[in-house]
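J.: Chains D and W, in that order, give the protein sequences.
Offset between the first sequence (1-based) and our numbering: plus 98.
Offset between the second sequence (1-based) and our numbering: plus 98.
Be a bit skeptical, because a hint or two may be false.
A pair holds if it fits inside one copy or across any two, identical chains being indistinguishable in the list.
Calculated lysine to any residue pairs in the SDA-like style (CA-CA distance at most 25 angstroms, straight line) [stated by the list, open to error]:
#1 K526 / Q264
#2 K252 / I394
#3 K526 / E383
#4 K526 / S175
#5 K172 / D279
#6 K140 / A128
What the hints contain is simulated information worked out from the structure, not anything from laboratory work.
There are 2 protein chains.
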Amino acid sequence: MKFLQTTNPDFDQQLAAVMAQRGSDTQSVAGPVRDILQDVRKRGDEALCAYTNRFDHMDITPVQLRVSRAEMEKAASLVAPATMDALRLAAARITAFHEAQLPEDIDYTDAAGLRLGMRWIPLDAVGLYVPGGKAAYPTSVLMNALPARVAGVKRLAMCVPTPGGQLNPLVMAAALLCGVDEVYRVGGAQAVGAMAYGTESMKPVDRIVGPGNAYVAEAKRQVFGHVGIDSVAGPSEVVVVADANNDPRLVAIDLLAQAEHDEQAQAVLITNDVDFAHQVEKAVERELETLTRRAIAEKSWRDHGVIVVVRNWDEAAEVANEFAPEHLEVMLDEPRQFAQAIRHAGAIFMGRFCPEAVGDYVGGPNHVLPTSRTARFSSGLAVHDFLKRTTSIETDGEGLKAVGPAGVTLAREEGLDAHGLSMAARLKALAEQGQKPKA
Amino acid sequence: MKFLQTTNPDFDQQLAAVMAQRGSDTQSVAGPVRDILQDVRKRGDEALCAYTNRFDHMDITPVQLRVSRAEMEKAASLVAPATMDALRLAAARITAFHEAQLPEDIDYTDAAGLRLGMRWIPLDAVGLYVPGGKAAYPTSVLMNALPARVAGVKRLAMCVPTPGGQLNPLVMAAALLCGVDEVYRVGGAQAVGAMAYGTESMKPVDRIVGPGNAYVAEAKRQVFGHVGIDSVAGPSEVVVVADANNDPRLVAIDLLAQAEHDEQAQAVLITNDVDFAHQVEKAVERELETLTRRAIAEKSWRDHGVIVVVRNWDEAAEVANEFAPEHLEVMLDEPRQFAQAIRHAGAIFMGRFCPEAVGDYVGGPNHVLPTSRTARFSSGLAVHDFLKRTTSIETDGEGLKAVGPAGVTLAREEGLDAHGLSMAARLKALAEQGQKPKA
């Protein structure tokens, strides 16, 4: 853990050094991932089975790649009713928030007489990657599948590795809750390749979303362009901005909630009170003792944890913007006022009763958020990721008369004869024959 | 050129073969691009000058990388007044359409008492890549810079190669018109690297937009994740859907307006009338004779041109969706009705008086559009590309009481202790002490 203070003359360099450590460098696995993708593209199901059997210690043939509806239902039946209720509450809240995101089409005729439009159209098919093993989170399924459903995507295909052949009951229950019944027991780069290029048993999709390890992230990067992807997810962060009027234990727990995700995760406290900072530091040590995932959380906090003591909240906002964190908790009396100064954050959690975990599960907004400072230029998952825009221009002769001559001028300046001619020939036809450009 | 008919029993395979040829494979330059990017990252300005001097036949030192305002103004002063008027008309129309795109924030409190929000925030800094040489198009500058301006981006940096040292007057005039005065005479992968990582004389940006050759496209792909990019642009297409009630010459010119861009460009006619198809084919041959860029247009038409004769407009829509073209012209009596069946197209041009070139210059919607069938999952450039979304959740004790227990259940099921505890500890504090979670 690094303890920084803005009063230190070297603060800027110290902060820069912390930032330089972040980032999602998947270059080291680029070669193996390229090989896997090529192999899946070439050998299809055969390659999928080979990798799955090797990496997930299984023994399947192509007909077993897809998880049957009966298998899904059997696994899902193991989920306790209270958990199903919680999943349903989460699903309803996520659906409601993403419905509020649905954007409006544009359609207007301007003064020149051109009718201009923009229509949002759902993607045909989306692939959801769901990590297996220790990170098999049912709420990931909800957060990726429900926005696609709300957007109107017809086909959702899901890939989830099942190490040792075990289906995760919660993941299957979540998939069924979202109406996803096209599920494949495949993970890693091979799953990404199958979704991008298709195999005998898996039709290709148009966009791949969902978190994954470095292989999955690099595979998504490599198939990008052939299909769309959501983002290349890196290690995740929280920045907690808190004054001394908070329980240090609650702040410590919130920091550890980030740290327990992953050894590479980063938990940051920004406070204006050095004594409070030390109290939180001690509380972290105490709370660490109680956690099942202590080893992970402890390593994350030791290696990547940061406490920054600032002189005032303006400085705090500046430092928070520098981190451009995935998650920002604002535990102040006027959190909304503080949030006005935030330019870069995936999601903001305001108030002393709003830990980030609320957003992970039951808040409503998406928990798939830009990590590793990418909030500078990217956004959390939303219905927009499952829609695309088609613009349109409609004009008759009058509209063309209004804007065409300027178009012809520009086309000629750019040396594009046929561009100019496509407008000029119509303008000429209009001048000679009135409205109809038919020869 | 390929002449296909849906009545042919092999039509599906023939169409699939045409599609398989498309795509933006930049793999072949991946190695050289990686070297250039690493070199720029390591040696900064020195590398930039070396590549610029080598590729653009120049002899500059780092102080000359940036084009001065005086140089820009001097170059821009060479543009004819009528051309400046045309550029201003285009700029005004592009600005107006992109202002209509500005999305609304979300802010509401739901029945459970959680205040949920989503705020659109402009990016801090954007880099515009503008191709040099034969493809130095001033309207590219407008189409990339104006949406960023409308979105509220404060810093716009532009890179444009200047082969032989010549500044393009139109490009400089367009940049000044958009208020862009941070311009560097650098192109290729080295420009992308400089914008992504920064050098001594160029601060890094958060997102890079703009078209370019295979090196630029591959460089954008490789820096993606470190910064945002718009898309990996490939060869461009038009699909013209036309009935026999059109002048074959106008259709031919529209096809050639696409073909003259690039030898890899693809122009496609879909019609329901085989005689009309042959008339267009002949008209293409005649019009080719007249074009300055005949060699390019001819090669594009020979290698990539397609005529598809369909039985009816439903088939036409299906085939058009299969192409998922960058540009779709609908030259029918009821173009809007036909367009309803289109799921995949970057932009649609409706009516017999609306050639695609209107959209290239003076329509208003963006001309930076998804190419090579990527309209299946991506969109043309818009203000959305220069904004990002930050979601927010605000809740007091009552809101947490409403949703927290379900959150605790899910966190425990996912084995994330601290996540559960961050909510459970607050719920406990609320139960014991009323509203304040302070210990």
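J.: Evaluate each hint against the coordinates.
T.: Verification of the supplied hints:
In the homo-oligomer, the alpha carbons of K526 and Q264 never lie at most 25 angstroms apart, since the shortest distance is 71 angstroms inside one protomer and 36 angstroms across protomers. For the identical chains of this complex, K252 and I394 are neighbours neither inside a copy (39 angstroms) nor across copies (40 angstroms), given an alpha-carbon limit of 25 angstroms. Proximity of K526 to E383 under the C-alpha cut-off of 25 angstroms is restricted to the inter-copy arrangement: shortest distance 21 angstroms between copies versus 81 angstroms within a copy. Taking identical chains as interchangeable, the C-alpha atoms of K526 and S175 are never at most 25 angstroms apart, the minima being 72 angstroms within one chain and 31 angstroms between chains.
In this assembly of identical chains, the alpha carbons of K172 and D279 lie at most 25 angstroms apart only when taken from the same copy (13 angstroms versus 64 angstroms across copies). Taking the shortest Cα distances, K140 and A128 sit within 25 angstroms of each other both inside one copy (18 angstroms) and across copies (21 angstroms).
Hint check: violations occur at hints 1, 2 and 4; the rest are consistent with the structure.
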